[in-house]
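Protein chains in written order, with my numbering: chain A, 1 to 439; chain B, 1001 to 1324.
Bear in mind the hints are in silico, worked out from the structure with no lab data behind them. C-beta: ideal position from N, C-alpha, C; glycine also. You may find that some hints are simply not true.
[Stated by the list, open to error] List time: in silico EDC-like cross-link candidates among lysine to aspartate or glutamate, alpha-carbon distance up to 16 Å:
| id | chain 1 | residue 1 | chain 2 | residue 2 |
| --- | --- | --- | --- | --- |
| 1 | A | K32 | A | E14 |
| 2 | A | K32 | A | E124 |
| 3 | A | K218 | A | E249 |
| 4 | B | K1017 | A | E182 |
| 5 | B | K1323 | A | D53 |
| 6 | B | K1022 | A | E361 |
| 7 | B | K1017 | A | D258 |
| 8 | A | K416 | B | D1016 |
| 9 | B | K1323 | A | E249 |
[What the hints assert, rightly or not] Covered stretches of chain A (in silico footprint by chain B; criterion: 3 or more residues with CB under 8 Å from a CB of chain B, positions within the stretch not fixed):
| id | region |
| --- | --- |
| 10 | 250-258 |
| 11 | 330-341 |
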Amino acid sequence: MRVKTFPHGIHPPEFKEFTAEKAIESLPLPEKVMIPLLQHFGKPAKPLVQKGDQVLLGQKIGEAQTLFSASVHSSVSGKVISVDNYNHPGGNPIPAVSITNDSQDLPFSEKEETKDPFSFSPEEIRQKVREAGVVGMGGAAFPTAVKLSPPKDKPIEIIIINGCECEPLLTSDYRLMLEAPEDILKGAELARIATGAKRIIVGIEDNKKKAFQIFQDKIQNFEGEVALLKTKYPQGAEKNLIYALLRREVPTGGLPFDVGVVVQNVGTAKAIWEAVSKGKPLYERVISVSGQGILEPKNILVRIGTPFKNVVEFCGGLKEDADILVMGGPMMGIVQWTLDVPVVKGTSGILAWAAPRPGLEYPCIRCGRCVDNCPMTLVPTQLARYVKFDDLTSAEKWGVLDCVECGCCQYICPSKIPLVHWMRVGKNRIMAMKQKKSA
Amino acid sequence: MTDNAFILQSSPHFRDKDSVPKIMYAVIASLVPAVAASLYFFRLKALALLLCCVAACLVTEALFLWLRRKPLHSLRDGSAVITGLLLAMTLPPSLSLELAIIGAVMAIAIGKQVFGGLGYNIFNPALVGRAFLQTAFPVAMTTWIPPVALKIQTATYATPLANLRFEDAIAKGTLTPLKDLFIGNVGGCLGETSSFALILGGLYLLSRRVIDWRIPLGILLSLTAFTGVFWLANPEKYASPLFHILAGGLLIGAFFMATDLITSPITPLGTWIYALGIGLVIGLIRLFGGFAEGVMYSILFMNAFVPLLNRYTRPRILGEGGKA
């Protein structure tokens, strides 16, 4: 079978062996959860509870305010102790609902659907997905209901299920593919119905052959196929994945809708299935706890809002020399300054290791490796230079807004220039300028 | 475990192990065969020139760093050593040490530091040093001696290219055999004579992915095409492309000079234009110019276009031109 791929990209060390063979374990329930009202791309949810309220497992505690928002639900049963700003793994403190767990795990309304889930209309599926607060679980946390609502003039042909998991260390998607392949495919089928797509393509990197074989077997019952992709970073980046599988280019400033595609991560597909078939809100997820700095790396099922501290302690704790703590993967993840932050819907991993001392930064030696490796075919060193010298017009013309911040350029740069940082600075300044202009 | 203090930084958190000094030392390592060949063919003269050039480059670099209030540790990045080595490799073995030192000082001072040091120069520093010597001391720079191994006792000795160009070598049947060009048992600059040693070093650089493969390939392609046309039309007058590839400074230029990261383009299309241009200009100079050799000037000439090439050959962004 031919292995598909995209041009450029890099191959960082994978380190998947820490957790690839570890079956998903459930984390014992935490005593307390802090559930941020913003865990997604868009507007924060509006709190529905206040201090002193009793809540049940799966009860909605935050209501999505606009289309680009997502509801949040309680991940335990117990009592609300505060609705106030709390540490957030994204960086800035965000209003969160803190709940003490009464350890009863009394469900709010988790009842089996009596109706066949596949007989729902597209609008019913979207409604249930929105109600369950499902967001993209690959990391970006884009509200899933929006992704399932293609504009009328953009017919959808294909649902791509993203099983690449191209970030090093992470194995949570891999474990899900091994342990719940049917749920993932059923979720994909629901997404197919909701968008009116014709078929499903599951993309899996060739370092996950076991998952590929399972899916090849299970896909028989669905309208679709499984594609093997080269193990390369960032194979799972939406635009690169679409190009690798279909040779279609998502236009600059556009969305996968524009090329008749909707991409869903495997975890999201499973969440769609659970939301529609059981009415189960997104209150727990699987994460990889890994890295050389974690004593017993594991894949675990965690309730949203659980402090990182509980998760890390369950995995044996940190090694003494661990001095970097990351939420997400090592290429795009966000560093944490404390273990006192809650797990959110977009947390795919908690990683720790002993970071090598940062190398000395040299001037750019024009080696062009950033150009040769950029999956968006940008010229990162030139963009960084434009931003540095505040030439934002040129930076925009040379495509700084197309940068997906995958980190390939900075990974490969022998001069150790913080290229992605400059891209972010450029993007922020341009967006601020545009806002000012339109205001 | 809670008292771990965490590093705060923005992503990505993994970095490749390669670094500027490692790249520079790889280039130095790749020059080992050519340096060894020069020592074998020109013995102590080669050793003295190599040492003088490297030392003068390091001293000049240190002086400028001190004047510019820059940290001296960047001396250790290896780039000044490369300039010294490369300059020495392009000098005639009989050149006096004072002139070599002048060339080395010029290479670092005018070729590199006045532009702002590592990463900012437009022209290949070693070639700037050589161009200065060629212009200021043309006689000394074109006086050649035979390699020691030939055991010829003559004061002067023409290079294979000069022999071809000015001595009517094809008609007289005295054209240097390709085998000698390959091994390096001919007259010429210190490091350019042994094609074998240069190819060895070049292959190492290619396998280590230090240099862009498009550059040597592009130069070879356009030089072959250009000289090939004339050779096919009139083999009585023009030498074969293979002769042009193996003779003179072509291989050292194609593998070690034109591939200088800093002074070559960063875009793929720009790199092709740059490389094809160099090969073409070399062919023009060698066949129709005033000199027998044209590698140095053609590389410097194309260096000047690099900023322009980078600007006008931006690769198409993924999705660019599509309709949203």
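Practice problem: Against the structure, test the hints numbered earlier, and report the numbers of the ones violated in rising order. | Solution: 1, 2, 3, 4, 5 and 7
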